[in-house]
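The task is to assemble the complex, starting from two chains supplied on their own in separate frames and drawing on the hints.
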Amino acid sequence: MRPTLVNNLRVLVPVKRTIDYAVKIRVASDGKGVDTNVKHAMNPFDEIAVEEAVRLREKHKDAITKITAVSAGPAKTADVLRTALAMGADDAIHVEIPDNSLGGPLEPLGVSKILKAVIDKENEKEEIGLIIMGKQAIDDDASQTGQMLAAILDWPQATFASKMEFKGKLEKGEKVQVTREVDGGLAVVETSLPFVLTTDLRLNEPRYASLPNIMKAKKKPFQKLTLKDLGLEDAAKPRLETIKVQEPPKREGGAKVESVDELVSKLKEAGRI
Amino acid sequence: MLARPLTAGLRAGIPSIASATLKQSSTRTFATSRSLLAQTLLVLEHKKGTIAAGSLVAATAASKIGGDVDALIVGNSDLDPAVEAATKISGLKKVHVAKDAKYDHLFAEPLAPLIKSVVEKGNYTHVFAGHSAIGRDVMARASALLDVSQISDIIAVESEDTFQRPIYAGNALLTVKSNDKVKVITVRGTAFEKAATDGGNGEKAEVAAVDGSAPTSFIEEKINQSSRPDLATAPRVVSGGRALKSGENFVTYIEPLADALKAAVGASRAAVDAGYADNALQVGQTGKIIAPELYVAVGISGAIQHLAGMKDSKTIVAINKDADAPIFQIADLGLVADLYDAVPELTEKVK
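As they're listed, the protein sequences go chains B and C. Counting from 22, one number per residue, gives the positions in the first sequence under this note's numbering. Counting from 1110, one number per residue, gives the positions in the second sequence under this note's numbering.
This is chain C alone, in the form it adopts within the complex (with noise of 0.2 Å):
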């Protein structure tokens, strides 16, 4: 710790990759002596070689909180290819780095108990990591056997040890200060800036596997293949809702108008649940939340789950034949016309 001070002072003080990217507003009021002591290390989600979108965004968060930042990464197969790429994340000073078969696949079980273990070593304040299907999975065991709540998803830092997080599926903004001696926090994939993947220079130190079983092996995975953009990152996305009647109608008439913006395809739950499009498009409170520049809404109501999945979208475009249908009141463009007329002619019009 006592090494610690003197960059973490230079750093408090030098606008960093936080300050120069961030989207929230950039009141770093609180850069004083306590976060001199901030220790903070990003749990980093890879696939194939590549690091997470959320981690990155994840990283930026962290970046917020003044002090170090270190990463901690583990894998076996790819494994390589994603250190690289982790050490070159801007702001990063360190990455601790574990390899073994049992890390293969990121389980929570092994994973959880060398998070605790890197986390009391380094003295780290703060964990952090994406709110992803394996951030959540892996983080809220982690914190456990640290002893410590966590706080989920949030999507401001307000100072190093209060958070802003949405509760009821957005309809309200929960402050929330941590009493805890570690602070380990998820973040929302689209409250923040990604950190930038050039630039950084995090020096590499490898961590021994914990002991401990590692219960659970995996099978298979059944990954959506699509050449159009992820849902979760792209720019403009285009959502099918139960007025598409059927799976084809999806084919026929949501997908060319995605193609024509260059977007990817999501859908409500209800479109979801009638089996009109996979489970991995669905938009809400409990499918992808998502904030892309531009998000039409085609033949979707409205409803309080779908909204908190994409609400906070740059750009709203409704297309629904029920003037009251409650899109409307969120919508930026909204056009009241039968989606089977309205939509092939926007998709000529676009091309």
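Bound-form chain B, shown alone (with noise of 0.2 Å):
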């Protein structure tokens, strides 16, 4: 490895593509999984990193070299790397997994040993001294991904964050302050690059990419890669065996009421007040 720049500072951000937040799932007819022909997007989380990546450019400005968005997945995650370009991301990397070849779908901890391997890449060009990830999928819900990234890689990690502020300059062993969502309200931490950071819904408010944004992006550098190309054809293979996916119990709507003190009848019969 070689040693980061003085206040050289390269942020990887990992983004899944995701069946998108506002569709309605249905659970597929076999009982193995959800319906998956519907609309895709970049997991919510992701966006918010990205953001955070692209704004910490615009406030340190020369001091990120590079902002490098990667993904695995089938070829159709191509379509959520372009707009982490679009949103101002300078590279990416698609780690490209066809579709059932795994014999079972992609689990937190495959996909952070394929960081791993894309990190100890790309640090032969450059090395990455942040990453910036979504602190869940909104599809698999794990909440798994940054924090088993971080074991792996022997790297600090401030997850669920709200707030990220770096106390000095944008190089390895500097401090940053990392306010986070933890029950019952906030926590701030402090720790030191490189480390990894999982984003929480108020850290920012994503942008929405623009369309020259959207056609510059098409140019920008995107590399693929293979799990071949990684060694990791059975490292990144799944652990966990999907018996059944099926509808959680239908609640029953119940009567509406015309008044105040029907409600409270209702509630007082119930038991419930």
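Some clues are possibly wrong.
In silico DSSO-like pairs for lysine-lysine, Cα to Cα no more than 30 Å straight-line [said to hold, decoys possible]:
#1 C/K1230 - B/K289
#2 B/K45 - C/K1423
#3 C/K1423 - B/K265
#4 B/K258 - C/K1230
#5 C/K1423 - B/K137
#6 B/K53 - C/K1290
#7 C/K1331 - B/K80
#8 B/K240 - B/K142
#9 C/K1286 - B/K137
#10 C/K1211 - B/K188
Incomplete in silico selection of chain B near chain C, CB under 7 Å [what the hints assert, rightly or not]:
#11 T98
#12 L130
#13 A163
#14 S164
#15 L207
#16 E211
#17 L214
#18 A256
#19 R260
#20 T263
#21 K265
#22 K277
#23 V281
#24 R293
Hints were generated in silico from the structure; no laboratory data involved. For glycine and all other residues, C-beta sits at the position ideal for the given N, C-alpha and C.
Below is the structure:
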């Protein structure tokens, strides 16, 4: 690993293509997943991660040498990487994994290993000193990948962040204060570069990609890799087996009441007040 | 391992705290010879000497595996009263205690390697914790160190290797089987009853701190102070949405109704984002997931992300001006009315 140049920071932003958050999910007829033939988009927490990286550069100008977006998944995953480029990322890396080639869905543990391998490879060109990623994907709702990646890199982690403030220059060993959303309120912690930050909703409001920027994004460097390139054909295989996917028990909507009096008496009847 | 099967067998045959308190169906058909070898480690979260409610829920889920359940508790300041409380949790056999300044605040970087070490030394087959902010932060890191896939936010234990969890904001339920040597699991805080905090007699065992760095330091905490019940565990919750229009209206309309009902106050994401209510009050996929006896949704339309946080409530009341609001499709009792008239009237009549 080359040492990072003084006050030069390369940021990696992992993003995931998920079913659009506004789509109403339907369980697939085979009971093994959900109907994925619907609108997809970038995972909302990852949009916040891209935005945070771009804002960091806007604030610290030349201190950020490069923002690299990375994603693993089937061919269509390239779409969300294009979105990241249009939002301000400089280059993209797509680890292409054909549908059904792993025998099951890619899991956070596999993703963290893929990201580690990508980082090792990229470090030969220019070292990555900060990773900003979403706190969870809205499809599997696992909330694991950032922590797992931090573990295998042996980096500190600052999860569920709603604010990030650098105390000094953006370079290795420099302190950063992160406000984290915890149960019951907020906690402010201090850690140092390099580290993994995972974004909570209130970190920022992501920008929309403008049309000129979408056009420009098409010309930005776009690297394609396979699991074979990374030597991870087996390491990315799932450890969990899907037994079934089912609809949650349907909640029976009850009656409407006409007045507050009726509401109060029904609640009393039910023993709720 | 050899000393275990006898007690484990006894425990598997006797209705333990699990079958006494479990809310899910009581079909424990999985107490087979394999589960006799199950050895579960429960990672406890505590604050100011009290064990977190989510850890007690995880204790119940852990007890459904069969086999012994031991706990791990770490910290520094306020650790001793928490250890005393831990030994009294019903059903625990042993409580591993690691006291060291680096474990204060339960940061993931020093705690994850300790969990790995305890799991490996004790040949644990399962590791459980609550799916809280701390549980999510720590367990995934420990899981990667153990090189196993974590199963997050489970709502049911089907067998010792098969678990059910919600995906897509609770719009689908996934049953998943783990083929890993160690099953690392976080438990949804509303999915099981809390284990009893008395009657236990866990044996204390000291664990040495594991070498390694503690790169994150604590600066300060901003915890919301409130005299109302805690949102996550309150039996009644009154939540306000965007229709409240301002933070003042939250204080004028929602809080008095909550006080009259002795309820906690919640909010939709729209209300939080608009600044009407604090972040910590948000109910939904990205906030708290709750299941109170009574949930009163005031001026909340019922977006799927919000429903993901409250649809397991026993009774849902919706007060909304818009008769077509999706919240009415799941509400047990719906009142189509202007909240500015209906809420003060309801507050009066509840008093």
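For each hint, the structure was consulted:
Between C/K1230 and B/K289 the CA atoms are separated by roughly 55 Å; this puts the pair beyond 30 Å, and the hint is violated. In summary, the hint linking B/K45 to C/K1423 is supported, as the alpha carbons are separated by about 24 Å, within the 30 Å threshold. Taking the CA atoms of C/K1423 and B/K265, the gap is about 26 Å. The hint holds against a cut of 30 Å. For the proposed pair B/K258 and C/K1230, the alpha carbon gap of about 27 Å is at most 30 Å, so the pair holds.
As the CA atoms of C/K1423 and B/K137 are separated by approximately 45 Å, the hinted pair breaks the 30 Å bound. Restraint check for B/K53 and C/K1290: the C-alpha separation of about 24 Å stays at or below 30 Å, so the hint holds. A distance of roughly 27 Å separates the Cα atoms of C/K1331 and B/K80; the hinted pair therefore holds under the 30 Å criterion. As the CA atoms of B/K240 and B/K142 are separated by approximately 23 Å, the hinted pair is consistent with the 30 Å bound.
Among the hinted pairs, C/K1286 with B/K137 is consistent with the structure: their alpha-carbon atoms are about 26 Å apart, no more than 30 Å. Pair hint C/K1211 plus B/K188 holds up; C-alpha atoms about 23 Å apart against a cutoff of 30 Å. Hint status for B/T98 relative to chain C: violated, with the closest Cβ pair at about 19 Å, above 7 Å. Taking 7 Å as the C-beta contact cut-off toward chain C, the hint placing B/L130 at the interface holds, the least distance being around 5 Å.
The interface hint given for B/A163 holds, since its Cβ lies 5 Å from the closest Cβ of chain C, which is under the 7 Å cut-off. A hinted interface residue such as B/S164 counts as satisfied when its beta carbon comes closer than 7 Å to some beta carbon of chain C; here the least separation is about 5 Å, so the hint holds. Annotation: B/L207 was flagged as interfacial toward chain C, and the flag holds, the nearest CB pair being 4 Å apart, inside 7 Å. Interface restraint check for B/E211: the shortest CB-CB distance to chain C comes to about 5 Å, inside 7 Å, so the restraint holds.
The interface hint given for B/L214 is broken, as the beta carbon of that residue sits about 10 Å from the closest beta carbon of chain C, more than 7 Å. At about 10 Å, the closest approach between the beta carbon of B/A256 and any beta carbon in chain C exceeds 7 Å, and the interface hint on this residue is violated. Satisfaction of the interface hint for B/R260 is found here, the shortest Cβ-Cβ separation to chain C being roughly 4 Å, below the 7 Å cut-off. For the restraint placing B/T263 at the interface with chain C, the shortest Cβ-Cβ distance is roughly 6 Å, inside the 7 Å limit, so the hint holds.
With 7 Å as the threshold, the beta carbon of B/K265 comes within range of chain C, its nearest partner Cβ sitting at about 5 Å, so the hint holds. For B/K277, the interface hint holds, the least distance from its beta-carbon to any beta-carbon of chain C being 4 Å, beneath 7 Å. Using the Cβ-Cβ criterion of 7 Å, the hint placing B/V281 at the interface with chain C is satisfied: the shortest such distance is roughly 4 Å. At a threshold of 7 Å, the smallest CB-CB gap from B/R293 to chain C is about 5 Å, leaving the interface hint in force.
Hint violations for this structure: numbers 1, 5, 11, 17 and 18, all remaining hints satisfied.
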